[in-house]
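> Going down the list, the protein sequences come from chains Y and V. Residue 59 in the working numbering is what sits at position 59 of the first sequence, and the numbering runs on without skipping anything. Basically the working numbering = 1-based index in the second sequence + 1000.
Don't read these hints as lab results, they were simulated from the structure.
Just the calculated beta-carbon pair ranges, DEER-fashion: (1) Y/G29 - V/G1040: 22 to 30 Å; (2) V/G1096 - Y/D55: 20 to 28 Å; (3) Y/S20 - V/Q1044: 24 to 32 Å; (4) Y/K56 - V/G1096: 18 to 26 Å.
Fair warning: this is a prediction, and the values are worked out from it, not measured in the lab. Where a beta carbon is used, it is the ideal one built from N, C-alpha and C, also for glycine.
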Amino acid sequence: QKEVEQNSGPLSVPEGAIASLNCTYSDRGSQSFFWYRQYSGKSPELIMSIYSNGDKEDGRFTAQLNKASQYVSLLIRDSQPSDSATYLCAVNGGNTPLVFGKGTRLSVIA
Amino acid sequence: KAGVTQTPRYLIKTRGQQVTLSCSPISGHRSVSWYQQTPGQGLQFLFEYFSETQRNKGNFPGRFSGRQFSNSRSEMNVSTLELGDSALYLCASSLGTGNEQYFGPGTRLTVT
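Only chain V is shown next, with the shape it has when bound in the complex (with noise of 0.2 Å):
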């Protein structure tokens, strides 16, 4: 059974600029959550979908959105991007809220 995906793997943006994640979760999985790692916030959740719907939202700024299609596929969204947004955002797929969580290799994202 194949794994998460999430493309790009690595992105470098400028100051100001908007920049679009994608995550294909695991076969039959209709729960996807994201994460933003930093060395020294550790994995910080940002949201989690299903079903299309977005279950729960992380304490991060409006700048920062996220949608789940009907194949499960999810896309997360950064506009006006910061340097404090330089992280690797993690995608993770599920089955449902609770349940185990299995996370793709993420997208290292660099913000100049």
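Chain Y on its own, in the form it takes in the complex (with noise of 0.2 Å):
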């Protein structure tokens, strides 16, 4: 069973911060990796993607990947509050459906 697993948090940090979110994923076969950010009551909204090993930088988020180690990170620089959510690491294997992990709550505190 392919597997997609996440620090449920919530996670902390206080405006201004580096945010920190990590997925490890079980199918080394993985190709595809997102990160998407998840209001309370609202749907996933895709924010990054990555498809190769490194980082990929998107404004104040940088997705990083490390296939080696089956780990990718999203680092979110300069918190604000509104970037208080829910952040959903989701990873595909070609031609099977999207893995989603369970999330990990993110506070931002002003």
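Both chains are sitting in their own frames, so use the hints and assemble them into the complex.
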């Protein structure tokens, strides 16, 4: 059974700090990796996708992928209270459906 | 470009009834996936359709079914509703399996 593991949190960080969210996955053949943000009562919103080892930056967000360690992370720089949400990691292995982690709840304290 | 739309947004049904949910994907997207989200279980994959064919199916009972039409719109049906079917049902569209998925607002189903 393919699994995606995330620490449920809550992860609390002060405003302006770097939030670091982590995710591990079990399927070594996984090819696509995504981070979604979900506000309470809303649907998930795609914020980052990464397909190859290394870092990918988009504004205040950086996704990091290490396929050898089966590890993907999301860094949020200059965290804002509006970043407070649940962050879902999703992993895909080609023609198989996305597998989601249960999410990490982030709280940014003003 | 318009996003993914789902109707209805809210539903209240009684045990034993059936329900049909609808999803219209982003224009040009041919893949539609359905998920059930509950507080305890997180996002659980139901099924994926691509060009009217079911490509993948999750581990749900046969009471859960779906279909996709030639215009890529999709419906899912739940028959003989149970209390445990109360959840947020999410539809996501993408260009194909493995591509980025974009979610609709969801349908909140409450079974009483």
